[in-house]
Amino acid sequence: MKLDSKGYAEGVDDTEAVAHSSSPLPHLSSSTKAGHQHLLVRRPSVPLWQVAIAVALLLTNYFLAQYDKFILSYFQSEVTSSLSMTLSEYGILSGYATGIVYALLAIPVAYLADYTGYRVWILFASAVWWSLCVIFQGLSHNFWQILLARIGMGIGQAPVEALSVSLISDLVGKEWVFFAER
Amino acid sequence: MGVYVGEAISAQIATAFKKTDTPWNTAMKAIGIVGLVVAVLVRAAIREPARQPSLKQGEESFEIDNPIHAHTAKTDLMATLKHVLQMRSFWLLTISAGFRQLSGNVFGYYMPGYLSSIYPSQANLLSNYGIIVGVVGSFSVVAGGLISSFLSRKTVMTPLYMTAFGGMVSSIFVVLMIFSKAIAGGDESGGTIVLYGVMSAAYLTAETWLGAFNSLLVLLLPPQYKTFGLAIYMSTIVLMYSTGPQIMALALRNIDVNSEGYVKRVRIVLAVLIPLGYWLAGIGFLFCIRKVGLDIQGDYVQQGEMSPTRKLSLTAFAVLLGCLVVALFVTSLLFR
Numbered sequence: 001m002k003l004d005s006k007g008y009a010e011g012v013d014d015t016e017a018v019a020h021s022s023s024p025l026p027h028l029s030s031s032t033k034a035g036h037q038h039l040l041v042r043r044p045s046v047p048l049w050q051v052a053i054a055v056a057l058l059l060t061n062y063f064l065a066q067y068d069k070f071i072l073s074y075f076q077s078e079v080t081s082s083l084s085m086t087l088s089e090y091g092i093l094s095g096y097a098t099g100i101v102y103a104l105l106a107i108p109v110a111y112l113a114d115y116t117g118y119r120v121w122i123l124f125a126s127a128v129w130w131s132l133c134v135i136f137q138g139l140s141h142n143f144w145q146i147l148l149a150r151i152g153m154g155i156g157q158a159p160v161e162a163l164s165v166s167l168i169s170d171l172v173g174k175e176w177v178f179f180a181e182r
Numbered sequence: 001m002g003v004y005v006g007e008a009i010s011a012q013i014a015t016a017f018k019k020t021d022t023p024w025n026t027a028m029k030a031i032g033i034v035g036l037v038v039a040v041l042v043r044a045a046i047r048e049p050a051r052q053p054s055l056k057q058g059e060e061s062f063e064i065d066n067p068i069h070a071h072t073a074k075t076d077l078m079a080t081l082k083h084v085l086q087m088r089s090f091w092l093l094t095i096s097a098g099f100r101q102l103s104g105n106v107f108g109y110y111m112p113g114y115l116s117s118i119y120p121s122q123a124n125l126l127s128n129y130g131i132i133v134g135v136v137g138s139f140s141v142v143a144g145g146l147i148s149s150f151l152s153r154k155t156v157m158t159p160l161y162m163t164a165f166g167g168m169v170s171s172i173f174v175v176l177m178i179f180s181k182a183i184a185g186g187d188e189s190g191g192t193i194v195l196y197g198v199m200s201a202a203y204l205t206a207e208t209w210l211g212a213f214n215s216l217l218v219l220l221l222p223p224q225y226k227t228f229g230l231a232i233y234m235s236t237i238v239l240m241y242s243t244g245p246q247i248m249a250l251a252l253r254n255i256d257v258n259s260e261g262y263v264k265r266v267r268i269v270l271a272v273l274i275p276l277g278y279w280l281a282g283i284g285f286l287f288c289i290r291k292v293g294l295d296i297q298g299d300y301v302q303q304g305e306m307s308p309t310r311k312l313s314l315t316a317f318a319v320l321l322g323c324l325v326v327a328l329f330v331t332s333l334l335f336r
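Taken in sequence, the protein lines are chains A and B. When we follow our numbering, the leftmost residue of the first sequence carries the number 1, and every step to the right adds one. When we follow our numbering, the leftmost residue of the second sequence carries the number 1, and every step to the right adds one.
Any given hint might turn out to be false.
[Stated by the list, open to error] In silico PhoX-like cross-links for lysine-lysine, where the CA-CA straight-line distance does not exceed 25 angstroms:
#1 B:311 x A:69
#2 B:311 x B:291
#3 A:69 x B:19
#4 B:154 x B:291
#5 B:19 x B:29
#6 A:69 x B:226
#7 A:69 x B:82
#8 B:291 x B:226
#9 B:29 x B:18
#10 B:74 x B:291
#11 B:82 x B:264
#12 B:154 x B:18
[To be verified] Simulated restraints on C-beta separations:
#13 B:312 x A:52: 51 to 61 angstroms
#14 B:74 x A:117: 36 to 46 angstroms
#15 A:117 x B:311: 38 to 48 angstroms
Since the hints were made in silico from the structure, they are not lab data. We put the beta carbon where it would ideally sit given N, CA and C, even for glycine.
Could you build the full structure based on these sequences and the hints that come with them?
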């Protein structure tokens, strides 16, 4: 990635691009889109170190959002013993408890990722929510409590991947986006 | 690659938790607290970036900057749904990937517990398991991508061939994994050697698919239909692959996790369910090849020309999947 003298990635400043737009939102209207497309296809001028931090944080958040399932699978016998759960109940926790939530939320999440300008706020709120639900799983004493906590966690985790990919694709230049999203 | 590296790191952390006798619920609380910290850092460090235009601009009807976002999104969703119904390969690819992920999901949730049960004296079992997943899985998925890229001038169907035949070959190694201890004559030490070898072969042959297949799927969808097309794909395969643990739930009814009966029952179900998913997926992917070719040429099923058989098949699939989800969920709750 090329840097200019200020250490900024080559490209047009975001604010300048928005100033040219008639749209109040950070994305442009159709006419402006056509008129300024040559400007906007360039990489946004986010400093490289900020991009690196953002990608690292999004990766950490994504990794943590997946980690509870490893706990469930690696500590299977401990989880079932301490909560006096049957293996059938364990199957529900690892199956539809989050699966149905993910399936129902896939399309609303796609809407949030592509049609709104509040992705970071949504990602923040969802991360707080699933983190609290993971703590509630640790505090649960029976099957129903952990089931409710996992359903809640599924709601919080559903947007993580789509919003992270959407943010990275707007933070990183096109020539780097496939690498950054690996 | 993140999936495999993530599992490798997770296995090391889980092993550390186990070695320090950290209870599972303390581990959960620790992850939740770290998650809260990361959430705050995400909000503090990341500014909402300006949206970049897509690699190729969509059609006029896809004005994502329209102020009436919900209305536009609904229009776009319906247009996408119409498009994927007209595609010849989309649904068969989705169903095949659903079967493939079903096997992967059952493997991920039940294989570590099963292996821990049959190798109780092997303290580093899960750590080594994670390392194999991380190293071999990462190598395999990158190799799959490189092979697909290298052969892309000759054919773009490489991911489908790799997924189909890779899964079928891998199923043999998965069965050998499940019976690794019996192959070593009941010896745990010898069994783990067999286990690590066949597990590496299983990952090497099976995991070439994920990155290359997803890339093919993304390329098949025109830019304006990608977002909701992938959402429809995800929504369907999640419902399909979540049935795996639900089937396990019913198969393991009234069995204690620490009993010999558990090991026997899990062994049978894993040895049937995982290869079955791999083979169903493989056959499906092979059937997709001609259909993908037609979709690439733009030879979609034209509106108004959808045959009654096609309409009936798509409706039957939607009804069947919906009924299966409700039936399995209710049954597993009632007979738990």
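Consistency of the hints with the structure:
1. B:311 x A:69: Not satisfied, since the Cα-Cα distance of roughly 38 angstroms exceeds 25 angstroms.
2. B:311 x B:291: Given pair residue 311 of chain B, residue 291 of chain B holds - Cα atoms ~17 angstroms apart, limit 25 angstroms.
3. A:69 x B:19: Given that 25 angstroms is the threshold and the Cα spacing comes to 19 angstroms, the pair holds.
4. B:154 x B:291: holds, 17 angstroms
5. B:19 x B:29: Answer holds: residue 19 of chain B to residue 29 of chain B is near 18 angstroms, not above 25 angstroms.
6. A:69 x B:226: violated, 28 angstroms
7. A:69 x B:82: violated, 35 angstroms
8. B:291 x B:226: Satisfied, since the Cα-Cα distance of roughly 19 angstroms is no more than 25 angstroms.
9. B:29 x B:18: holds, 15 angstroms
10. B:74 x B:291: violated, 28 angstroms
11. B:82 x B:264: Cα-Cα ~47 angstroms, so violated.
12. B:154 x B:18: With a Cα-Cα distance of about 50 angstroms, the restraint between residue 154 of chain B and residue 18 of chain B is violated, given a limit of 25 angstroms.
13. B:312 x A:52: 51 to 61 angstroms: Check passed, 53 angstroms falls within 51 to 61 angstroms.
14. B:74 x A:117: 36 to 46 angstroms: For residue 74 of chain B and residue 117 of chain A the Cβ distance comes to about 19 angstroms; the hint is violated.
15. A:117 x B:311: 38 to 48 angstroms: With Cβ atoms ~39 angstroms apart, the hint holds.
The structure shown violates the earlier hints numbered 1, 6, 7, 10, 11, 12, 14.
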